[in-house]
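Visitor: As they're listed, the protein sequences go chains E, R, S and Y. Just remember that this note's numbering sits 5 ahead of the position in the first sequence, which is counted from 1. Just remember that this note's numbering sits 809 ahead of the position in the second sequence, which is counted from 1. Just remember that this note's numbering sits 44 ahead of the position in the third sequence, which is counted from 1. Just remember that this note's numbering sits 1393 ahead of the position in the fourth sequence, which is counted from 1.
These are calculated hints, taken from the structure and not from any lab test. Among the hints, erroneous ones may be present.
[As the list claims (entries may be wrong)] Pairs of lysine to aspartate or glutamate, EDC-like flavour, derived with a Cα cap of 20 Å: (1) Lys396/S / Glu1197/R; (2) Lys333/S / Asp1643/Y; (3) Lys255/S / Asp1643/Y; (4) Lys52/E / Glu64/E; (5) Lys394/S / Glu988/R; (6) Lys1639/Y / Asp251/S; (7) Lys169/S / Asp1076/R; (8) Lys1636/Y / Asp251/S; (9) Lys1639/Y / Glu253/S; (10) Lys104/S / Asp892/R; (11) Lys333/S / Glu1439/Y.
The chain contents come next:
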Amino acid sequence: MTDSNGTRREGDGGRRRFLGGLGLLSMAWAGGLLYPVYRYLAPTIPKDPFDAEGKAPIEGVKAEDIAQPGQGRNAGFAGGGLVVFRTSEGELRALSSKCTHAGCNVEFQGGSIHCHCHGGVYDLEGKNVSGPPPKPLTRYRVAEQGGLLYVYRSEKA
Amino acid sequence: MSTALAMAGVLAAATASGGGLPIPSPDPLGYPVPPILLQALSYFTLTLHFLAMNLTVGSVFIYLWLRIARKQYDDRLARYLRDLLPLGTSYLITFGIPPLLFVQVLYGQMFYSSSILLGFHWILVIPLVVFLYGVFYYQKLVKNPEHPGVLLLSVLAAMALLGVGFFFVNNITLSVSPEKWMGLYAKSPGGRNLNMDDPTLFARWLLILAPGFTVAGVAILFRGVMMLKWGLTEEGRHNHRIAVSVAVLGMVLEAVAGVWILSAMPDDLRSHVTSAGLAKLLLGLGTAMASVGLVLVFLGRYKASWAYPLMASLAFFLALAPLVALRDVVRQEQLRPFFSLAEVPVHTQWGMAGLFAVFLVAGLLLLLALHMMVVPGLIAGRRAELRESA
Amino acid sequence: MNYPIWDVGGLGAGLVVAIIAIIHVLISHVAVGGGAFLVVAEIWSRRQPDGQRIRDWLHKFATFFLVYTTVVGATTGVGIWFSIQLASAEATSLLIHQFVFAWAIEWVFFLGELTVLYLYYYGFKRNTPRMQTFLAGAYFVIAWGSLVVINGILTFMLTPGAWTLENKDIAAGFFNPGYFPALLIRTVTMFLLAGLAGFLVASRIRDEEFKARIIQFCVKWVIPAAILVPGLSYWYFTTLPASTVSILGGGTVGVVGGTLSALTRMAILAGVAGTLLVVGTLVFAAYPKTVNTIAAISMLLVAQLGIMGAEFFREMGRKPYVIHGVLYSNGLWVKDAKDPAQLNGSYLEKAKWRGGVAPRTLAHGEQVFRLQCASCHTRDGYRSVVYRTRDWTPEFGSRWLGTMQDMGVMPPFQGDALDKAALVAYVLSLRGETVDPRDLVRDPQATAERNGLDPGGRGQALRGLEVAGAEVAQ
Amino acid sequence: MHTVPEEALKELPPADKALGKLGRALLARFPVWPIVDFLRNKKVPEHRHAAWYMMGGLALFFFAIQVFTGILLMVYYRPAEPWQSVQRIVMEVPYGNLMRSIHHWSANLMILTLFLHMFSAYFMKAYRAPREGTWLVGLALLGLCMAFGFSGYLLPWDDLSFFATNVGLTEMEKAPGLGPWMASLLRGGPTVTTDTIGRFYVLHVVVLPLAVLGLIGMHLLFVQIQGMSEPDSFAALPARQKKHKKFFFDYFASELPVWLAAFALLVALSAVWPRALEAEADPFGAAPLGIKPEWYFLAQYQALKLFPGKLEYAGMALMGIVPLLCALVPFFDRAVPSDRRGTWIERAGVALLAGFVVLTVWGWIS
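Construct the entire structure; sequences and hints are all you get.
Guide: Below you can see the structure in the form of structure tokens.
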């Protein structure tokens, strides 16, 4: 490049353009190479936990654990955490245990549901009644079959 | 251990069971045209293959002899032969393809079986040909072809050429001896076999190689004529002397091989060759034309006329062609107990055959036209070069 | 079962074919593409002010080209033919009998190609410029013509299309579904390789300015082709039979597949080779003076790896056939395999090349191995049987042989229970296990109970029995 | 702020362009112009054997690939469940098999190029003063890379790797003196167990990488300081006949295609022959057939087999002496011109190379 020859400098312009093309191409190439790397690192989409009827088993709690009204447990299924409890009327309910404010797991405390992180409180319908939570907890339909508990895909109770 | 066991078992049975020879059945597709056509094509191209092969074999030996003897003009004749070698090799390969194609159509089941039994040596043909072909170009392009190392390579290439011929003779003789197959397969399923116990093997090897000197002699005759026409009388006469000697040498060796092969043949086969009308005719025709060719070479010496070498070439072509056909007649006789061409059904592909004929004629015409346009200029150029150096 | 199987130790006949073919494919493509290169270079050289210099270089290129294409290219072409008749006589015979005149026409092209090349080369300094350009053009057209012909036979093996053994429809077999995409791929590849060969010859030029000009000329031959080949390969892929696609798309091809299907592997290799060629050629374009022989050979190596990969996977897709849907790789006709009586009868009795092996011996097993397996598998080398059966128990082996065709990559086993047993005993003996073929044909459950062993136990039930070398008294 | 040197300003793009501005700003903050200038003037001698200079760069290229794919494999590899996690990489993770195969093949190619690099340096006598340090560091790097191979081989915890490691450690144990102690330290117990994996894992992903990176830094630094070694015949040429190539970018541009070819080779090998995962190691099961160390240990393995019984100590001693002699070569070879043929040093090198190749092939086929 330091040569003073005129024709050579002309060639240098061409060379720059070529280098530019080369740079672009190398980037495209690197992108192509990185695709397998991206796929390797990208999390695989988890399998749909619900079966053909749209229900999934709840892990961490059995029907006998919450046989009495007022009993409740933190549990979960493959799709996320739940708080499962029996109301004082004896109705079985399941709510998402993920607080809508900051994502902490909530706790069933007999008459209401509390989040310890920032003091959010929900009622047993899942409605946010006090504290910072902006939205109610998602409610799931829940069923008991042979001593085991199942949660349904349908989010309406 | 297991292999040894297997061999023992196979060998014992192969020698014991005489009846069921492992001869594959002919291809279910049958012949694409009546076999006589395939045979004719095969004879024609095989004759050309033999001529190119003979030219190469003869040239390489005469080249080596000239290089080592080194007399006046020999250097330039040696260069002429050296330049012929790559060309000869490429045409010997090229004209080798169609006969090999047609023999596979006609006698595939025999030919493939023997090829597999000789597999190792058969595939060895390829690296050998690459080697000798490469050496022929190398010694042409290298700066100092007289360097002992280069000469050694040339000698090795000549040996390789003989080796290739030897493997071909092995394969052809084995393909008509199915009774040996199972034993050889048991001995070496990888194909490290040779058909060494065939009584005619070496005679046939000599028979196909010996005309090499004669064909190369005709090529030298051509050069002599050129020299005479260009006024290099001394060199032309010198070339012609060599041409006559090697041509005679080739024919003498050929005669020896012919007698040898007849005496080595099994009796029934010999009586077939010497008594059956067709075989006798072919043998007589071949011998007669070869004699005519030799006479033409002799008469053409010291004469500045293209007619003699051209007519001699034609005569040797006509001498070789009947012998090639005779070779096939003998093969059919040998195969008679196992197989005959008439058994195979013919599913004709006339369209394809016609297409081939069209392409062949058009191709040959094109090549002829191109030759007529290019070659005279080349010869004139060569003449100018020689004039300068002389 | 018609022909003996060429039993090549640890290499296998298939690999012998592959080694010769790999060399041939590269050089034969250079041979055709080089023709077009000669034409364009002829015309180009006459338009340049220093045409004579370019022509001197072109003469060197032509020498290199002539020697390599004839000595190695043409000879290995014949070599492929020699090797396929050893590796698969049955298939070669079928191809020859069906396409003999196509082959003969190809030979006419070949003869023309060779002769015209000689006229071009030997006349380099004497012929008129127009004559030289015409000869180069004629050479290219004729050489490409030989590809047009041989491509029909090559693609026929993988995609015979509407051709059947009964209709013998030569047009359908020749212009089969894979014909045109393959023809285009090969044609484009030729231009690419001609440019790469140009790099190699140019890298020897001493004068740097001149070298740079030649390199820039060759660059234009490589880049378009390198970009086109992957797309054309996809088109070719769409013409493949469904069973081939499922073999290539499945993960089980070869010993290990995992999540990496043959198709993905092929795509990655093709993509990488194509891209690297473009990148390398751009480097050459940017720094033409630095191109040395090693760099030029490196680019040829990249191309060669790409071609090798493509051919490797194409061959893989042909499993278990040598001619798709017609003939299995070990010489078994599909029509014969459809007849259960034929398929399941005693193999040893009907095999032509059985020799005289005694039934129920290891020799029996070895002969079955040789005639049915050895065309693809070696004992303990390339595609090793010992490795593939490393987890076999005798019972599993016999069972597996009965169902192996369901995998899609293996032909059905020919023979009865006795043949299976002999083969399993032989295969297990290769890794030093002694199994008596007699015991395999008996009920394994009964044998196991008698010996007080677990019938599913790994390799236990048959331990301690002597190998029968001689015929077993019954 | 620092001022940008005059000659740098001349070389930079004009100040009104973005790149020129950036360059000036950076040089003002980081006064590295002497280094840039030094690298700009880096030269590679051009002579018949110049192609061998590429080997070091090629090995570095493979090493970079090793680091990259190694990090990727660590994402899913778990030393507590070695075989299961590798199986997951092979069978479930997208392109996991490809990454693993590339890691495997690149390791092999790296060691191969290192051997070529070492032998080319040996035959070009590049180890001579003042480059003894570069030679010694290079030898250490080769040793560390072989240790990389050995430690990495165990990690998948399949049949082959388990028994190969077992054999290797048993051989090490037989070495007199430190042998038993080192073997048990590496093994973490009397037998190879998953505890051994913990040790090998840490070696493979922390200790060895740090050591290798440090040594590579030294090695490269030495090369930059001392320049490329020149054969004596080249050094003796009059200055006008000495041809050099500028490293940036003339030499680099001619080396790049070689790297591209190396990468293509790597991908082709990985695509055509992906690395197999054998059955999970069964410490109580019989060793599988054909247990052999990786090819770069085969020569040593085969050599040890030549010394049966009590002679084994002699074999061990030989294993120790050969590397030692290699390390000492710069200190006793100094007399003749470096590219004279037929010196005993060269013959010894040829003998070593031939011995290595013969033993490796012998080990391979036996």
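Visitor: Now tell me, hint by hint, if it's right for this structure.
Guide: How the hints compare with the structure:
With a CA separation close to 69 Å, the supplied pair lysine 396/S and glutamate 1197/R exceeds the 20 Å bound. A threshold of 20 Å between alpha carbons decides the hint, and for lysine 333/S with aspartate 1643/Y the separation of about 8 Å falls inside it, so the pair holds. Proximity of lysine 255/S to aspartate 1643/Y is assessed by CA-CA distance (about 15 Å); at most 20 Å being required, the pair is judged to hold. Simply put, lysine 52/E and glutamate 64/E have alpha-carbon atoms about 16 Å apart, close enough for the 20 Å limit, and the pair holds.
Proposed proximity of lysine 394/S and glutamate 988/R is supported: the alpha carbons are some 18 Å apart, at most 20 Å. Among the hinted pairs, lysine 1639/Y with aspartate 251/S is consistent with the structure: their alpha-carbon atoms are about 18 Å apart, no more than 20 Å. In summary, the hint linking lysine 169/S to aspartate 1076/R is not supported, as the alpha carbons are separated by about 60 Å, beyond the 20 Å threshold. Restraint check for lysine 1636/Y and aspartate 251/S: satisfied, since their Cα atoms lie roughly 14 Å apart, inside the 20 Å limit.
Our distance criterion of 20 Å between C-alpha atoms is met by lysine 1639/Y and glutamate 253/S, whose separation comes to about 17 Å. A hinted pair counts as satisfied when its Cα atoms are at most 20 Å apart, and lysine 104/S with aspartate 892/R qualifies at roughly 18 Å. A distance of roughly 14 Å separates the Cα atoms of lysine 333/S and glutamate 1439/Y; the hinted pair therefore holds under the 20 Å criterion.
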